[in-house]
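Undergrad: Protein sequences, first through last, are from chains A and B. Residue numbers for the first sequence follow this note's numbering, beginning at 130 and rising by one. Residue numbers for the second sequence follow this note's numbering, beginning at 12 and rising by one.
One or more of the hints may lead you astray.
Using 27 Å as the maximum straight-line C-alpha spacing, the simulated DSSO-like pairs for lysine-lysine come out as follows [to be verified]:
| no. | chain 1 | residue 1 | chain 2 | residue 2 |
| --- | --- | --- | --- | --- |
| 1 | A | K132 | A | K200 |
| 2 | A | K192 | A | K132 |
| 3 | A | K231 | A | K146 |
| 4 | A | K146 | A | K186 |
| 5 | A | K200 | A | K184 |
| 6 | B | K53 | A | K132 |
| 7 | B | K94 | A | K231 |
| 8 | B | K53 | B | K89 |
| 9 | A | K231 | B | K68 |
| 10 | A | K200 | B | K68 |
| 11 | A | K186 | A | K231 |
| 12 | B | K53 | A | K200 |
| 13 | B | K89 | B | K68 |
| 14 | A | K200 | A | K186 |
| 15 | A | K184 | A | K231 |
| 16 | A | K192 | B | K53 |
| 17 | A | K231 | A | K132 |
| 18 | A | K186 | A | K132 |
| 19 | B | K53 | B | K68 |
| 20 | A | K200 | A | K231 |
| 21 | A | K188 | A | K200 |
| 22 | A | K188 | B | K53 |
| 23 | A | K132 | B | K68 |
| 24 | A | K188 | A | K231 |
| 25 | B | K53 | A | K186 |
| 26 | A | K231 | B | K89 |
| 27 | A | K146 | A | K192 |
| 28 | A | K200 | A | K146 |
| 29 | B | K53 | A | K231 |
| 30 | A | K184 | A | K146 |
| 31 | A | K192 | A | K231 |
These are computed hints drawn from the structure, not numbers from a lab.
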Amino acid sequence: SQKIEQNSEALNIQEGKTATLTCNYTNYSPAYLQWYRQDPGRGPVFLLLIRENEKEKRKERLKVTFDTTLKQSLFHITASQPADSATYLCALRGADGLTFGKGTHLIIQP
Amino acid sequence: EPEVTQTPSHQVTQMGQEVILRCVPISNHLYFYWYRQILGQKVEFLVSFYNNEISEKSEIFDDQFSVERPDGSNFTLKIRSTKLEDSAMYFCASSAKTGTGRNEQFFGPGTRLTVL
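Could you put the whole structure together from the sequences, leaning on the hints where they help?
TA: Written as C-alpha cells, this is what we have:
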C-alpha cells in the first residue's frame, strides 16, 4: 500500500540553526511532491512544490530536495526562527487525490 | 490577498442529523476539494470537483457524503446522517487550472464538526 512517512512527531531546534525534516514514501511514482505548513487549528498553507526532474528547489530560507531513487524528500529551514514553529506536511499525488503525511511538529527554541 | 473562506467555523450536531458545510473558493479557481482531519491525525482527502462534477473521491467519501456548487460561488459538503466518527475538522481547498498552479492548493480555515 502507499505510505508517506515523516520523521518523528516533534523536532526541537535552537533558533538560528538549520532544521531538516524528512519525508519518505513507498509505492508512489510521484511527478511532484509538495510541502505545506500547518499551524494549530488552521488549514495547511502551501510552501513549495518540487518536480521529479528537479533535484533541489529554494524559496527564501526554505530548501527542498527530492531523490526519486531513495524515495525521499528533505525540507530545510535555514536560520530558523521561533515563528517557524509549526507542523510541516509532505504531500504526494496518490491514487486518491493529494495524500498528506502525518507531519513533523517543529519547535524552534529561542 | 484572495483566500478560501468557510462557514461555520464550528458546527455541533446530533448523531443522525444532516449537516451542510459551506465554502467560498478563490474566485478564479476551477478545482475544488474537501479534506478532513480527525483530531491528532493526518489531513485526509475526501473529494475533488471540477466542471460541476466529482473528478476523484476517496473511500471515506461514501453515500453519506455529497458535494455541490449550487450558485457558482459556494461549494458545499453535505453529510446526510452524521455519525460520531464524522467529528473532525473539514477543510475546503481550491486550485487554479494553470500548469503548476493547478497543483498548489489553497486551504480554508476549516469547519470543526462535532457530532454528539
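Undergrad: Would the pair A:K231 and A:K146 pass a check requiring their Cα atoms to be no farther apart than 27 Å?
TA: Holds: A:K231 and A:K146 sit about 24 Å apart, inside 27 Å.
Undergrad: What's the verdict on A:K184 and A:K146, does the C-alpha distance respect the 27 Å limit or exceed it?
TA: holds (23 Å)
Undergrad: What's the verdict on A:K186 and A:K231, does the C-alpha distance respect the 27 Å limit or exceed it?
TA: holds (22 Å)
Undergrad: Is A:K146 close enough to A:K186, meaning Cα to Cα at most 27 Å?
TA: holds (19 Å)
Undergrad: Hey, A:K192 versus B:K53, does the alpha-carbon distance stay inside 27 Å?
TA: With a Cα-Cα distance of about 23 Å, the restraint between A:K192 and B:K53 holds, given a limit of 27 Å.
Undergrad: Verify the proposed pairing of A:K186 with A:K132, using a straight-line Cα cut of 27 Å.
TA: Answer holds: A:K186 to A:K132 is near 23 Å, not above 27 Å.
Undergrad: Would you mind confirming whether the straight-line C-alpha gap from B:K53 to A:K200 stays at or under 27 Å?
TA: holds (20 Å)
Undergrad: Quick one, are A:K200 and B:K68 close enough, alpha carbons at most 27 Å?
TA: holds (25 Å)
Undergrad: CA of B:K53 to CA of B:K68, is that 27 Å or under?
TA: holds (17 Å)
Undergrad: For the pair supplied as a hint, B:K53 and A:K231, confirm whether the alpha-carbon distance does not exceed 27 Å.
TA: holds (5 Å)
Undergrad: Would the pair B:K53 and A:K186 pass a check requiring their Cα atoms to be no farther apart than 27 Å?
TA: The given pair, whose Cα atoms are some 25 Å apart, holds under the 27 Å limit.
Undergrad: Given the hinted pair B:K89 and B:K68, is their Cα-Cα distance within 27 Å?
TA: holds (14 Å)
In this structure, every one of the numbered hints holds.
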